[in-house]
Amino acid sequence: MLERHRPSGAHDGAAYESELLGRIGTLEVRLARDAGEIAVAQEIRYRVFYDELGARQSALHAMERRDADRFDAICDHLLVIDSALPGPMHKRIVGTYRLLRQEAAIAAGGFYSEDEFELKGLVGRHPGRRFLELGRSCVLADYRSKRTIELLWQGIWAYVHRYDIDVMAGCASFHGTVPAAHAEALSYLAHNCRAKGPWEVRAVPGRYCDMDMMPNEAINLKSAIMAMPPLIKGYLRLGARIGDGCVVDEDFHTVDVFVVLPVEEINARYINYYGSDAQRFAA
Numbered sequence: 001m002l003e004r005h006r007p008s009g010a011h012d013g014a015a016y017e018s019e020l021l022g023r024i025g026t027l028e029v030r031l032a033r034d035a036g037e038i039a040v041a042q043e044i045r046y047r048v049f050y051d052e053l054g055a056r057q058s059a060l061h062a063m064e065r066r067d068a069d070r071f072d073a074i075c076d077h078l079l080v081i082d083s084a085l086p087g088p089m090h091k092r093i094v095g096t097y098r099l100l101r102q103e104a105a106i107a108a109g110g111f112y113s114e115d116e117f118e119l120k121g122l123v124g125r126h127p128g129r130r131f132l133e134l135g136r137s138c139v140l141a142d143y144r145s146k147r148t149i150e151l152l153w154q155g156i157w158a159y160v161h162r163y164d165i166d167v168m169a170g171c172a173s174f175h176g177t178v179p180a181a182h183a184e185a186l187s188y189l190a191h192n193c194r195a196k197g198p199w200e201v202r203a204v205p206g207r208y209c210d211m212d213m214m215p216n217e218a219i220n221l222k223s224a225i226m227a228m229p230p231l232i233k234g235y236l237r238l239g240a241r242i243g244d245g246c247v248v249d250e251d252f253h254t255v256d257v258f259v260v261l262p263v264e265e266i267n268a269r270y271i272n273y274y275g276s277d278a279q280r281f282a283a
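For the sequence shown, position 151 matches number 151 in this note's numbering, and the numbering has no gaps at all.
Keep in mind that the hints are not guaranteed to be accurate.
To be verified - Computed cross-link-like contacts, SDA-like style, restricted to lysine to any residue with a CA-CA straight-line distance of at most 20 Å:
hint	residue 1	residue 2
1	Lys196	Asp244
2	Lys222	Gly234
3	Lys120	Ile74
4	Lys196	Glu265
5	Lys120	Glu200
6	Lys120	Gly197
7	Lys222	Cys193
8	Lys91	Arg162
9	Lys222	Arg237
10	Lys196	Val263
Said to hold, decoys possible - Simulated restraints on C-beta separations:
hint	residue 1	residue 2	range
11	Arg129	Gly87	38 to 44 Å
12	Ser83	Asp166	21 to 27 Å
13	Arg125	Gly36	37 to 43 Å
14	Val178	Gly87	28 to 34 Å
15	Pro230	Arg130	37 to 43 Å
16	Ala180	Leu85	40 to 46 Å
17	Thr177	Leu221	23 to 29 Å
18	Ala62	His161	15 to 21 Å
19	Arg65	Gly87	17 to 23 Å
20	Asp142	Asp115	21 to 27 Å
21	Asp34	Lys233	45 to 51 Å
Since the hints were derived computationally from the structure, they do not count as laboratory data.
Each residue gets a CB set at the ideal place from its N, CA and C atoms; glycine is no exception.
Model the full structure from these sequences, guided by the hints.
Here it is, written out as C-alpha cells:
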C-alpha cells in the first residue's frame, strides 16, 4: 500500500513537503515510505507496548524487539516525526498509528479487530461505504501531549480525504486486564455513548465482557471522563460511538472497546479545526 519508495533519509525538499499530512512546530506527520521506516514504527510499538505496558512477548518479539504481525504489510503507517532531533530520519520518528483500508482488509481475509468485535457484520450493513480501521496507536513518553494528539488527527483527516473514507473504526484500549478497574469509565460509555441501530457492533461471543457495571445515576461525569485514555476522549469529542461490550486482550494487557466514527457525523467544529486550511498547522 505504500506509494513512495526511496532510500531512508533520501529526499529533496519539495518532494518531502508534498508527503506531509500535517505539521505543528517541529512535529510533522506523514506516511512511512519504506520497509525501514515501518521497522522503526514496529520498534516504537515494542518499546511502548512491551517494555512500558507489559504486553506478552513471544520469543521472536523478544529477539527482534519489534511488535509485528501479518497486517503490517498491508497497512499504511502514519508517523510522527520531530524534525528538530539530530541524526538520520529514522532517529526522529516518535510516534505511529496503523491504518488499514477496507479494500486491503478484504484482500487479506479480514480486519485485525475481527478477532474481538463483529466488524464484518457492521461493514456488511453499509455496502458502498469505505471503512478505515485504525489501530496500534502509540507515542513515545516524552511526546504524549495534546499537540501530538492534534497532529495525529490532522494526519488522519488528510488521509481520510485522500482515500474518500466514509467510516473510521477500530479498537481503543484501557490498560490492564480487569474491566472492573475501569468500572466508572466503561459504565459511562455503555450508558451514554453506545453505537445503535445500523452502527451497532458487539464483542464476539466468548470474549464479551459487560461494560455496564454501575447505574448511570451513580456515575460522576468528571471522574469518568478523567479516567479515559486520551485516544478515547479524542474519539468522543469528534462524535464517535462505542460498541456493545469490551474484550480483555491478555497478550497486550488491555481492556478493549470498539469505536465507530462515520465521517459524516464529525462535528463541523472539528472539521474546521483539523482541515487542511487550518493555519495552526503551518510551520
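Kindly confirm whether 17 to 23 Å is satisfied by the beta carbon distance between Arg65 and Gly87. Since the Cβ atoms of Arg65 and Gly87 sit about 19 Å apart, the hinted range of 17 to 23 Å holds.
Cβ distance range 23 to 29 Å for Thr177 and Leu221, holds or violated: holds (26 Å)
Range agreement (Cβ of His161 with Cβ of Ala62, hint 15 to 21 Å): With a Cβ separation near 40 Å, Ala62 and His161 fall outside 15 to 21 Å, so the hint is violated.
Are Lys222 and Arg237 close enough, with their CA atoms no more than 20 Å apart? holds (15 Å)
Outcome of range test on Cβ distance (Val178, Gly87; 28 to 34 Å): violated (41 Å)
Please work out if Lys196 and Val263 have their alpha carbons no farther apart than 20 Å. holds (16 Å)
Is 40 to 46 Å right for how far apart the beta carbons of Ala180 and Leu85 are? At roughly 41 Å between Cβ atoms, Leu85 and Ala180 fall inside 40 to 46 Å, so the hint holds.
Quickly compare the C-alpha distance for Lys196 and Asp244 to 20 Å and report which way the hint goes. holds (9 Å)
Given a hinted range of 37 to 43 Å, is it respected by the beta-carbon distance of Arg125 and Gly36? holds (40 Å)
Do the alpha carbons of Lys222 and Cys193 lie within 20 Å of each other, as the hint requires? holds (15 Å)
Between Ser83 and Asp166, does the C-beta distance stay in 21 to 27 Å? violated (33 Å)
21 to 27 Å was suggested as the range; check whether the CB atoms of Asp142 and Asp115 agree with it. Violated, at about 32 Å.
Hints 8, 12, 14, 15, 18, 20 and 21, counting from the list given before, are not met by this structure.
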